Amino acid sequence: MQSELDEIQLEITKRIYILFLEKFNGNKLAFAKAANCDEKTIRRLFDNKQGMTINLLFKLAFALKIKPSILLENLNLNDQD
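In terms of this note's numbering, the sequence shown opens at residue 12 and continues consecutively.
Source of the hints: derived by calculation from the structure; they are not laboratory data. From a predicted model like this one, the values you see are computed outputs, not experimental measurements. Don't be surprised by glycine CBs; every beta carbon is placed ideally from N, CA and C. Treat the hints loosely; a few may be bogus.
[To be verified] List time: in silico DSS-like cross-link candidates among lysine-lysine, alpha-carbon distance up to 27 Å:
hint, residue 1, residue 2
1, K44, K70
2, K76, K39
3, K39, K70
4, K70, K51
5, K44, K34
6, K76, K25
7, K78, K39
[What the hints assert, rightly or not] Between beta-carbon pairs, the in silico distance windows are:
hint, residue 1, residue 2, range
8, S14, G37, 25 to 31 Å
9, N85, E50, 28 to 34 Å
10, K51, Q20, 25 to 31 Å
11, N59, N85, 17 to 23 Å
12, N47, K25, 18 to 24 Å
13, K34, Q13, 30 to 36 Å
14, K44, E22, 32 to 38 Å
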């Protein structure tokens with residue numbers, strides 16, 4: 012299950028990165044300011060050196076002007092009993 016969670020986090024980060032490039036033209040400082048977080052957090056997230064909390068997910072979605080649920084669409088955990 013942990014590997015699935017890791018894959019989901021990578022996919023969410025990838026989705027955020029694509030939108031970040033479109034809306035902030037790669038400017039991590041501007042994105043961090045819009046998300047009210049530290050630029051180092053953005054760098055570490057995009058370098059896959061930091062996980063993402065729900066709080067950070069909401070801040071990034073706010074900065075991207077989208078609903079957090081859009082970033083989570085079509086993500087599933089396999090039910091393994």
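Verification of the hints:
1. K44 - K70: 10 Å, holds
2. K76 - K39: 16 Å, holds
3. K39 - K70: Holds, at roughly 14 Å.
4. K70 - K51: 15 Å, holds
5. K44 - K34: 13 Å, holds
6. K76 - K25: Between K76 and K25 the Cα gap is close to 17 Å, so the pair holds against 27 Å.
7. K78 - K39: Distance ~20 Å between K78 and K39 Cα, so the pair holds.
8. S14 - G37: 25 to 31 Å: 30 Å, holds
9. N85 - E50: 28 to 34 Å: Given range 28 to 34 Å: holds, Cβ gap about 30 Å.
10. K51 - Q20: 25 to 31 Å: Violated: the Cβ-Cβ distance is about 18 Å, outside 25 to 31 Å.
11. N59 - N85: 17 to 23 Å: Cβ of N59 to Cβ of N85: about 21 Å, so the range 17 to 23 Å holds.
12. N47 - K25: 18 to 24 Å: 22 Å, holds
13. K34 - Q13: 30 to 36 Å: For K34 and Q13 the Cβ distance comes to about 31 Å; the hint holds.
14. K44 - E22: 32 to 38 Å: 25 Å, violated
When each numbered hint is compared with the structure, violations occur for hints 10 and 14.
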